[in-house]
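S.K.: The chain contents come next:
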Amino acid sequence: MMSRNDEHNEFLIVGGGVAGITAALDLAETGRDVQLVDTAAFLGGQVAKLDKIYPTDHCAFCPLWTDIKKVRDHPRITVHTSSTLQNISEKDGQYTIVINKVHPVIDESLCIYCRRCLQECSAGAVRPLWEHASPPSFFIDTSICTNCGDCVDICPTGAIDLNRTAVEIVLTVSDIIWATGFNEVDLTPLPEFGIGTHPDIMTSLEFEEWTAEAGRNEGSIIRKSNGNKPQNIAFIQCAGARDQRMLPYCSAVCCMHALKQAQWVKRREPNVVCCIFYTDLRTVGRDYYEYAIRQLEGMGVHLIRGRPGLIYALPDGDGIAVTYENTMTQTREIARFDMVVLNGNLRPSQAQTVEGARGPSLDSEGFVDTTRDDLSRFAGGFTLEPADIAESVIQGSSAAIRVATKTAYKR
Amino acid sequence: MSEITVLLCRCFGEIDQTISFATVREKLDKDSNISSSICVDSLCIGRDIDAVISQIRESGVKKVLIGACSGLARGDQAVQNLMDRGIARADIHLVDLREGCAWIHRDNPDGASQKALNLIDMGLVFLKNKDESDDVSVTMNPDVMVIGAGPAGLAAALSLGRFGITVHLLERSSTPGGMLKLITRSYPKDDATTPRLEQYLDQIEKSSFVRFYPRSKISSIKGYMGNFKVRFSSGEEEQSITPGAIIIASGAMVFLPNGLFRYGELGNVISQMELETRFKKGNVTVKNAVFIQCVGARCKDRPYCSTICCPSSIKNAIRIREDNPDTNVFILHRDVMTPGNVLEGYYIKALSRGVQFIRFAEDNPPVIKGEKIIEAVEVYDAITGHTRTIESDLVVLSTPLIPNHDNQHLAEMLDLQLDRYGFFREIYPMHPLETRMDGVFICGSARWPVSSGQAITQGEAAAMKAASVVLKGEVRAFTFSRVPGLKFGHARVTPDSCTGCGNCMAVCPFDAIRLQRIDGKYAYVSRVNKMRCKACGNCVSVCPNGTMQMPEHNYLSVCKMIEKAF
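Chains as they are written, first to last, in my numbering: chain L, 1 to 411; chain H, 412 to 977.
Wrong hints could be hidden among the right ones.
BS3-like mimics (lysine-lysine), calculated; alpha carbons at most 27 Å apart, straight line [what the hints assert, rightly or not]:
#: 1; chain 1: L; residue 1: Lys406; chain 2: H; residue 2: Lys883
#: 2; chain 1: L; residue 1: Lys101; chain 2: L; residue 2: Lys49
#: 3; chain 1: H; residue 1: Lys945; chain 2: L; residue 2: Lys69
Derived from the structure by calculation, the hints contain no laboratory data. Computed from a prediction, not measured in an experiment: that's the story for all the values here.
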């Protein structure tokens, strides 16, 4: 069997989102050793931050945590959270990678979640690691922490060490899978979207967090500016995307994401009017089109084809004006909204690598170009092309088998 | 006789500052079932555990009841710590005294202590009466069967071959290739399909691991993950194989737009596939070509978007324009479905090549004018609000992919779920290629319409999943769990009291129960397949006389527990 030789090789997976953890589990299950690196303090990537996922409308956490737990418990997978790539060098077909791992001030394996540090901290630096972390634990925001040491004294298990610093870890691997996901692009260069001019103009991921059931508002739909229930919400699609000034491509996930958010607003507050301003309603997956029909007809979500030309805060400081042309009726209109959610400004992320260090080759739009060189040959998820959960998982597995059978490819 | 040790976790005061452990232990000491109660600072952080374990060993007691936090907090870690030190999982029971008792009753310590005692009492009778499921192990057969030799199936078979895994590749037609055989170029790179197909065929021929069976027809599939038994005919020959995993890559069919947009009535109204056939014969020269999208898709009968029709039309529109720049090409669409960076770039490329896109509304579709031949297409342009008449001599109807007729047959043999349209359904978006049956994976257009490129990616991904099954070697049935850790148990039937009514078989979602004829009698008894059983308990709830039981949660232990609660 050709795989004999490979079994001693270690693979590095950069990014612990759904694509990365799937690739890691697949490789580990076929007897490969895997190193998994992520900048965040916990695995799960962007999916972990979602309140609900489409098209099932289930909470994102339940299917995710089982895989995260499998990754953490797997004897062949070594997880490095809070870590960034410092340097990559290549010699004799092996990559030597230096990662900078910041050990959390609170040791997760010792935290019993007793909340004593939370009550003791006068600076407010202690926060739960993540609403859904299992087992639950706290972390200390070092940017707020005053180093007073009160928490160290009160912690019954000795889990807190304020002197914990970053360490450099050197890994030698034979191949790297890039699964670094996406991040949001700052929309301020496009002033017509009015981001930053009014607290109720937010991006869709901010809105997701703002209305999350496990979040601070416990699923209630309220305005950021005054805490009142909004009368109406506008969801603006293709904000920054399909736009030659910023992102020329379509981010693929936003149409369904907006439909999902609109539906959850409707489920919780049936009287709130939801309008989606779209260009093309791209609902190409299983059940996606029916999901859209259900939201539009069953839930009463309004669909307006048009890209607003200008969004601005009204002079009284309360509402937001949206000017647009409804291209299906060829009428120019202006409407007042209480909240505006901007969708589409998603860009492949390279946040796992420090600036200046060698990373994968990218195409002009920032996606990993797998044809360019050996280092960037294996990638999956949004960093390869805009992909939702199912596609990211498929690409993760596909990258895993390509990397596992690489020597056979060369023959 | 005392047979249980009680371990009480203080959780560094989190539990015992509310619950009075002195009161609890005083009561427990009077219980004759309990050999001893041990109080420790913490069970999840391993400092005290070794001392506790040696204490348990000395007493010679097997079963341990843990009073600690919730399993979702750190209780599972406490259980794991005991298991790591040699105590069987079946002998451990966890009672939640922190989240479910101490924390929520901080204002009422006396009540909390009483509740803790009740909870421990319930746990004790439960632990005393619960049983243990039998485990079996199975050796994974090292072969994989791939159904369908289209792009998805070919990619899956070749990937597995590179792994050194023997693949049985079944195809209903006489040659591999699937829909790649019908088209000449594939989007978005516009590369010719023939060289790619030849490359695949060459690799299959050279691979010593891939066995190709043309003109195959499956007659039966039995068995479970690791040990399927498949009978099929290949041509005239009857075959029988025992793969460890199955990949379904049987593809889909193209919808024929009979009766729509005067298809079949006017000569030059053709479907997208017929256009592909014309390309196969040579260049297509027309004056004005019109593509109509969503023909038979996103409508009442088929309320889904078939993913591939917009890019396919764009591909052929670009090709017509490039072959003959004087031809005008119009794409009449309802939404241009080109998500992502690559396809959006493809759309922009079509625009730059002069392909014209006109949006129409679902309730106002285009009309084809003409008596015997097409004269014009009349369409209400939803963006400009004007009705346009396009002179045309070719109308291409872009139709969706529809599920294969034999999906139903295959799904019944494997007990899989189809979605409401007839495509194979996955279990969850997080596990998009896995089905309800362990060891059976789906990919390509059999799952959901995809392009050839996506089908190849899915085929590779399904191959990865199948490889991780068959490379496992020998596995215990308890490890066939989709969640971390071991399976909860297996349903168990007592043959003597089973009436053979078959209720359990009817409700089992995993096809794990079969009725077996008792030798020499006209009577049946149900049998549980431990490999397939997922311990859901459906069978237990419909069994009329309590013969079907989940040993870990049997009637006796649950009823005794309820008795203690009141």
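S.K.: Does each hint fit the structure? Answer for all of them.
M.R.: A quick look at each hint next to the structure:
| no. | hint | in the structure |
| --- | --- | --- |
| 1 | L/Lys406 - H/Lys883 | holds, 21 Å |
| 2 | L/Lys101 - L/Lys49 | holds, 22 Å |
| 3 | H/Lys945 - L/Lys69 | holds, 19 Å |
Every hint, counting from the list given before, is met by this structure.
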